[in-house]
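Colleague: In case you want the letters, here they are:
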Amino acid sequence: MTNVVPALARVESHDLIEVGFTVNGTPAQPRVAARVTLSDVLRDQLGLTGTHVGCEHGVCGMCTVLLDGAAVRACLVFAVQLQGSEITTVEALGRPDQLHPLQEAFSRHHGLQCGFCTPGFLMSAFDLLSHRPDVTRAELPNELSGVLCRCTGYRNIIDAVDDVACAYREGLPGPGNCNSGRSLVGRNAAGPVSTPQDPVGNQETDADGGGLHTIDAIRLPTSEPTVTITVDRQIGATMDGVARVFSDVQLMARCLPGAQLTDDLGGGRYAGRATIGLGPVKLSFRGVAQIVDQQRDRITILAQGRDAGGSGAQAQFSLAAEPSAEGARLTADAQMFLTGRIAGFGRSLAGDVSRRMFADFAAAIEQAARGEEPVAAEPPSAARLLTAALASRMSAWWAAARSRIARRGAGVQNSDDR
Amino acid sequence: MKAAAFAYCRPATVEDTVAELQREEAKVIAGGQSLVPVLAMRLARPRTLVDINSVAGLGRLDLDDDALRIGATVRQRCVELDARAGVVPLLRLALPSVGHRELRSRGTVCGSLAHDDPAAELPSVLACLGGSVEITGPTGFRRVTADQFFLAAMTTATQPHELVTAAFFPIARRGEGFGFGEFARRHGDFALAGVCVKVSMAQAIVATIACFGVADGPVVRDVSGLLESMLTDGPDTTEDTVRDGISAVAGDLAYDIVDTDGDVHASREYRRTLLSVLLSREIARAYHDAVRSMREVS
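Chains as they are written, first to last, in the numbering used here: chain A, 1 to 418; chain B, 1 to 298.
Simulated from the structure, these hints should not be mistaken for lab results.
Fair warning: there could be bad hints in the mix.
[Unchecked claim] In silico negatives: residues of chain A with every beta carbon more than 12 Å from chain B:
1. Gly50
2. Gln98
3. His109
4. Cys166
5. Tyr168
6. Arg244
7. Leu265
8. Gln294
9. Gly327
10. Arg329
11. Arg370
[Unchecked claim] Coverage of chain B stretches by chain A, computed from C-beta distances (three or more under 8 Å per stretch; other residues unrestricted):
12. 1 to 11
13. 39 to 46
14. 52 to 66
15. 103 to 111
16. 150 to 157
17. 174 to 188
[Claimed, not checked] Per label pair, the in silico range of CB-to-CB distance:
18. A:Pro141 <-> B:Thr232: 36 to 42 Å
19. A:Thr331 <-> B:His187: 38 to 44 Å
20. B:Leu81 <-> A:Asp333: 45 to 51 Å
21. A:Arg150 <-> B:Asp222: 44 to 50 Å
22. A:Arg108 <-> B:His161: 54 to 60 Å
23. B:Gly225 <-> A:Gly69: 45 to 51 Å
24. B:Glu269 <-> A:Thr331: 18 to 24 Å
25. B:Arg60 <-> A:Gln29: 26 to 32 Å
26. A:Thr331 <-> B:Asp222: 33 to 39 Å
27. B:Ala204 <-> A:Gly153: 48 to 54 Å
28. B:Asp147 <-> A:Asp263: 41 to 47 Å
This structure is a prediction, so every number in the text was calculated from the model and none was measured.
From the three backbone atoms N, C-alpha and C, an ideal C-beta is built for every residue, glycine too.
Work out the full structure: start from the sequences and follow the hints.
Modeller: Dropping the structure here:
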């Protein structure tokens, strides 16, 4: 399962690297950029289109292949990582005149309808039965849960796999179509080498927040928000102090870590950006915010932003203060509508995180309200967390805050770290 | 859904890895089962990926007197299949629920800890057992206990220029028992709620729970007093009695622990209900396991 690959000196993103590995018993030396996945190499360079590609981010299981004898998702492995490895794809399982028992069983039990998931199921089942020939029928639904099927309702698939499991308790026959000497290259003999350039534009367009500047008015969708957050916090500052912060967009901006105002568009509209970092996730949103209500004790902003990676966010963000025994009570309400990848990525991030993040923001406002220079947390590590904590969810929030911050078009202490 | 372009290197030593991590926006990749989806969705676009799969020594699984030491590139599935890992029963209970088999073939134990997803199983396993993590950086390595390591969602004590080189899971002792349970929409998905339990009957009764999927990281609680109050017949109390007793109060405990807001999969209230069921079930199971462990050896 663990093949130790040799070390490799640094290669730049535009370099092509020759990688040597074995596919279905035949050596292959594709030349790839570092970012190219195994699934793309199999299909685009080696012509092995039996490996299907569904979601391309590890959820659906269509691209399941064997890597050094164990099932993996080919879309979650970069080809460059596989020097010296042994890869087995669905093409190796059987020959047209002599199918593998699993293939026969899928046929017999009608374990497929459209067939898109079948290569994934075959390879997942092959891996399962080769490692656990004693697997029981009751265990199959869980054991096969790594591949999705949208046609069959799974029952026939489980019947098929159970049938083979029962027939081969002593061990599953190996792939019947390895080392057949045939050329690996199928359809795309002269197929495209993965281009080193990034057609999607890895470089960030510094332009205008994706044309957002031209939006007259931000309109939020009428659907349910993707995320709703309500948090409050007591702060030790006077209402006058808070009013001073609420009236000074630049100052508020400095309270929001990772945010930067880039332009005052007039009419209470601002352009800006915000960087969000949470673990490996790093988003840089550009957008526009519009202050729709600004009072001594309350400020409401609509915001709309977009990340270069295609994630979008719209939000309404309200911050209100009321007198309390300790000074003031700050309440924040955010309704966010997310689209694109962040929406797909976003499982519930703990509410606690949002509260922590707000606590950080509120602490900065508290400082500002006392007339001190706010210390907004600067990215690295824990600080970044607090700042950015809400990550995906909060992107809209940031967009809002940041853009608002942009009000007077002044710089903010946090520099974009790009 | 293709990752943005990145430079790539695969150093042979930890020193070289640390040196590469000094570069701007460099990111470690081991199994990549959490990172590659993030790259594919372009939620991150690091300039350089530093692949640690060629680093000598990181693929080792070792037993010392107190702990199972799992190196940074040891796959989850290797631990699942390696008989030596039997000394940490809680790890063995949890691993089958970590993603799918196809993800565990490639995903690493240390990677899961370093990623620190709030709904992930392994951080709670480490936290429940009071294990630790070895972090290596430019000035050498340091050992950080679980309670100091997991700071918040997807945020650990690891600095950008450091990497996790190993994790230490304490070996189970006589009189200790374990429980593990989670609810997920589909087996292998991130849990809506889950719990790890460790009970020791060796001397004083000690019971620890670590919950996941319900806050921004593992929530560890000492429930020794709660368990002790259920043992009306001392060590002869049945598992059923303990479970029923705890289920009467588990709702309050869950109310206190569940901190996550609702999402499309489950409301906060539903997560509390799930957690309260898991708590009564798994604390009782761990208690039973501990009693069995006591009797087995004596």
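Colleague: So which hints don't hold here, by number, going up?
Modeller: none
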